[in-house]
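**Student:** So the protein lines, in turn, are chains A and B. Mind the numbering: the first sequence is residues 7 to 562 in our numbering, read in order. Mind the numbering: the second sequence is residues 7 to 562 in our numbering, read in order.
If you're looking for bench data, these hints aren't it; they were derived computationally from the structure. The reader is advised that the hints may include incorrect statements.
Identical chains share a label here; the pair holds if one copy fits it or two copies do between them.
To be verified - Below are the EDC-like pairs computed for lysine to aspartate or glutamate, each with C-alpha atoms no more than 20 Å apart in a straight line:
1. LYS89 <-> GLU65
2. LYS249 <-> GLU12
3. LYS88 <-> ASP504
4. LYS407 <-> GLU75
5. LYS379 <-> GLU62
6. LYS249 <-> ASP219
7. LYS358 <-> GLU304
8. LYS271 <-> GLU528
9. LYS488 <-> GLU333
10. LYS249 <-> GLU503
11. LYS407 <-> ASP219
12. LYS358 <-> ASP323
13. LYS379 <-> ASP45
14. LYS407 <-> ASP82
15. LYS407 <-> ASP300
16. LYS89 <-> GLU12
17. LYS358 <-> ASP300
18. LYS249 <-> ASP504
19. LYS358 <-> GLU58
20. LYS379 <-> GLU63
21. LYS271 <-> ASP473
22. LYS271 <-> GLU304
23. LYS379 <-> GLU58
Number of protein chains: 2
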Amino acid sequence: MPKNCEAARANLESLYRIFTVPEAPGSTLGAIDQAIAADVAGFLQTHIVATERSMEEIEAQFSSPAIPEEPTYVSDYTEFVKKHLVAQSVHTAAPGFVGHMTSAFPYFMLPLARLMTALNQNLVKVETSKAFTPMERQVLAMLHHLVYRRPDAFYPPWIHNSQHALGAFCSGGTIANVTALWVARNRLFAPSGTFRGIAQEGLGRALAHRGVDGIAVLVSERGHYSFGKATDLLGLGRDNLVKIPTDSCNRIDLQQLRAACRRLKEQNILPLALVGIAGTTETGNVDPLEALADLAGELGCHFHVDAAWGGPTLFSDRHRHLLSGIERADSVTIDGHKQLYVPMGAGMVVFKDPTAVSAIEHHANYILRHGSKDLGSHTLEGSRPGMALLVHAGFSIIGRKGYELLIDLGIERARTFAEMIRQHPDFELTSEPELNILTYRYCPADVQQTLATAPPPERTAINTLLDQICQLMQKNQREAGKTFVSRTRLHVAGYGEDITVLRSVLANPLTTDEILSAVLAEQCEIVRQPEIQALLRQVGDICASLGRTKEGDRHS
Amino acid sequence: MPKNCEAARANLESLYRIFTVPEAPGSTLGAIDQAIAADVAGFLQTHIVATERSMEEIEAQFSSPAIPEEPTYVSDYTEFVKKHLVAQSVHTAAPGFVGHMTSAFPYFMLPLARLMTALNQNLVKVETSKAFTPMERQVLAMLHHLVYRRPDAFYPPWIHNSQHALGAFCSGGTIANVTALWVARNRLFAPSGTFRGIAQEGLGRALAHRGVDGIAVLVSERGHYSFGKATDLLGLGRDNLVKIPTDSCNRIDLQQLRAACRRLKEQNILPLALVGIAGTTETGNVDPLEALADLAGELGCHFHVDAAWGGPTLFSDRHRHLLSGIERADSVTIDGHKQLYVPMGAGMVVFKDPTAVSAIEHHANYILRHGSKDLGSHTLEGSRPGMALLVHAGFSIIGRKGYELLIDLGIERARTFAEMIRQHPDFELTSEPELNILTYRYCPADVQQTLATAPPPERTAINTLLDQICQLMQKNQREAGKTFVSRTRLHVAGYGEDITVLRSVLANPLTTDEILSAVLAEQCEIVRQPEIQALLRQVGDICASLGRTKEGDRHS
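Generate the whole structure from the sequences, applying the supplied hints.
**Tutor:** Written as structure tokens, this is what we have:
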């Protein structure tokens, strides 16, 4: 013990106190708890997306690399958090925040998330989770059932089977996609004869065993960037992520896909997996899943569907048909924190074949022992929180019909917004909403006319200026903090080069038509800013020069 | 719209309600919130680890694969959760739960975790996180500073640098370890000349480019099972995870490590990384990090330290020296949800070289654009919650000195427990606590004596029976639910074959010496159960037969 015993004892006692649940709501910690809850409720009730403060100013508060020597009072820290963190956060649940895949979530998620945190279960093993393990297994079965619609009698042998799992609960869609391709890779190079499988012998020997020069994943150029990470991580190399161009509806071009498969064969590269997208991140379109399933069958390769965004469309009687063929996928990714309206950190992948995850099975001496029901034997991650509770709660409380309403509402609202954009003379819709995502850009009516017939050099020059306008518009709107859309760069059919577009995701049930009008109105307001006006004058000059040329042509 | 417009509108309205924060504490949802909080507080204040209920009974409540059609009242669902989930969870924070790496955590973590959930920031990009991004960058810098102790002036150019990150925040230690080896692999096979790097060309071409037959990771046989997953995932193959035997203190045997390196060279396999463990999962020992750093330097390979458990020992002036050499590691994993006392889901890896993560850099068109400060450009995961807040809160509120107290307390308590076991005639300490983890087993005093001189066949027979006793003891204690230790199988110096041992982790500051006495007392009680008595009789028979033999020897 240090010399000053009394001080040390005081320290220890205050240490014990912070580990003890406050007994009464009137305790100091109870009061702080309520103050935090009130502060965050206040923040969430504003309709503002973010305050106008530069990143540099914010960073100044988070710049010391030294961990403080001395403890701080919880109350002081709470004041710091309210002022410098909460107030400077992005209100991702704001009804005017229609640029990314975050939404408001049902209020009941909050007390249940708190419960989950308080119980601090670790889902890697039964010994630290008990009832949470069967619950997570049920959630995976429910998702499997949603996707594959197997009869109820299919499930009892598998749902709580210690040897298997119907899928894997993950921290997010990226880990879910990686898990799917990991399973696919290990199944493609399963043990056979003297070859003990890729998991044991590695990719180099696996390729030699099959006598191929590589394995490839094929996905449309709208595929999520996690597939690039996955091919890097799994050792395939990004060269072997074959990105197939899309048709005018942002869906994978099947002819080009077949051509790519032929080229791979010539290069002695084996297709590992075809990936279909059910709700592309940028435009929300759905690949032709039936056709992809057919082709995967022909090729004898894994068929994965990334339905991280669009999966919950399966809840809707009206729109389910858009995902037709998903039930033929070998694996499907669906995110909880997207259209299941669960807080951040809930990705899931399910496998048609309930024995598929054996391909990545692993054990240890102190947990994940053979025969245990530990979920960690079949997950990429180790220790994991009980996020499955929140998906379970959503399924139970909102129900299939509730989710159907949410899905239908989002698609309806996207169509309304698309119509507003189409009606507006100065905006162009650059992708129709198939689900609830659309893209558009600012392009004044007269420029639209000029572009329709402009020769390539001038067209490119105009588009480059419009790209800059789009980028500035998005940046200035974000920084003003009232409403928010995102932006991306896309190849849009009929536009020649890739163009920069604004992107809107309509999943927040609190978003109204009025708010969407306000989004467009604010963008028109931003156009009046001098830097954008200067760019518009340059566009005008090019249009004018083209006008003169045409005039000249006519007169010559 | 469906026919029955009124019903549909009512549905929509109730849907809106569940997305709205309750305004007053007196609202229905507010009341439910309080009821859940009270229930979980009640659960956490019991000192019981788990109720005695079979998994099969629990599973029966989680067996329907169908997502319910109709919504459920939040209050009904809450009742279900209280009865079938909370009551059937494992009280991982109980002071008598000394078997795994979960502990009580400071109370302030709960309101802050709720705040984190409510704000629902997505740390993949600034556009959905704003202040959370600089905060996470600061947390990584603080951890970097804790490990590498670079002068304060080192950090300003890096901490908020859009091109780089000092590390990666992950969902857990497994992803952190995978990230470290992924970076190491991509740096080993960086672009050079016409070779465009492994990230682009894949492992097959990378091996060919270097003219090697494989790459290997070397770690002691006490290494965490995540390294097996990592070598599988990254395409190396589990054959290339070279597990080196340990010395009598569960530390990597350096001579055998050097011998393994020579063998790899003969096999034309390149060492990718040496892994040092700072706190082995099973026994809490620390590898000789200085010597490993020297050898990694000689070999010119990556040196990773898995300090998921033991990293926070760096807070302690008294015990920091145990991790000497960690500052020479190229990468270090530390878990927040272990000895930083943060709820589940906070792994971190830091890299000595602040440009290291460029090796896994990736971009997309709609986020992670070049020049953005988006953290997602350098993480394995995509969307992620703002768990960094809880690490930031721990660092700020507990402070370096507070963590030092916690670390010192745990090591002190482990030594006390070790002494209790040593003093007890019927238990054997099978690994000394270097940090705050120890292993032991039940072995009656007279059997200990017999084993000391027993010939191999009888020794094995006795150990096999003791293994069964150990296994039953652990199982029955877990099922009784009063206290909890875990078990594993270890090679223990001087014991011949691997044996099953009980494992205790002493990190919960609420655990008292009295509770540890009770753990041993309960185990002695369990020994009196008929099934264990039967096994002990068999042990007795073998001992007696050996006694007779000796007697015979003496008389002959």
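**Student:** Please go over all the hints and tell whether each is borne out by the structure.
**Tutor:** The hints, checked one at a time:
no.	hint	in the structure
1	LYS89 <-> GLU65	within (13 Å within a copy, 45 Å between copies)
2	LYS249 <-> GLU12	neither (68 Å within a copy, 48 Å between copies)
3	LYS88 <-> ASP504	neither (42 Å within a copy, 54 Å between copies)
4	LYS407 <-> GLU75	between (54 Å within a copy, 6 Å between copies)
5	LYS379 <-> GLU62	between (49 Å within a copy, 11 Å between copies)
6	LYS249 <-> ASP219	within (19 Å within a copy, 30 Å between copies)
7	LYS358 <-> GLU304	within (18 Å within a copy, 49 Å between copies)
8	LYS271 <-> GLU528	neither (52 Å within a copy, 66 Å between copies)
9	LYS488 <-> GLU333	neither (41 Å within a copy, 46 Å between copies)
10	LYS249 <-> GLU503	within (17 Å within a copy, 53 Å between copies)
11	LYS407 <-> ASP219	neither (49 Å within a copy, 56 Å between copies)
12	LYS358 <-> ASP323	neither (22 Å within a copy, 54 Å between copies)
13	LYS379 <-> ASP45	neither (42 Å within a copy, 27 Å between copies)
14	LYS407 <-> ASP82	between (46 Å within a copy, 18 Å between copies)
15	LYS407 <-> ASP300	neither (31 Å within a copy, 63 Å between copies)
16	LYS89 <-> GLU12	neither (35 Å within a copy, 45 Å between copies)
17	LYS358 <-> ASP300	within (16 Å within a copy, 49 Å between copies)
18	LYS249 <-> ASP504	within (16 Å within a copy, 51 Å between copies)
19	LYS358 <-> GLU58	neither (48 Å within a copy, 35 Å between copies)
20	LYS379 <-> GLU63	between (50 Å within a copy, 14 Å between copies)
21	LYS271 <-> ASP473	neither (39 Å within a copy, 54 Å between copies)
22	LYS271 <-> GLU304	within (13 Å within a copy, 43 Å between copies)
23	LYS379 <-> GLU58	between (50 Å within a copy, 17 Å between copies)
Against the hints set out earlier in the document, violations occur for numbers 2, 3, 8, 9, 11, 12, 13, 15, 16, 19 and 21.
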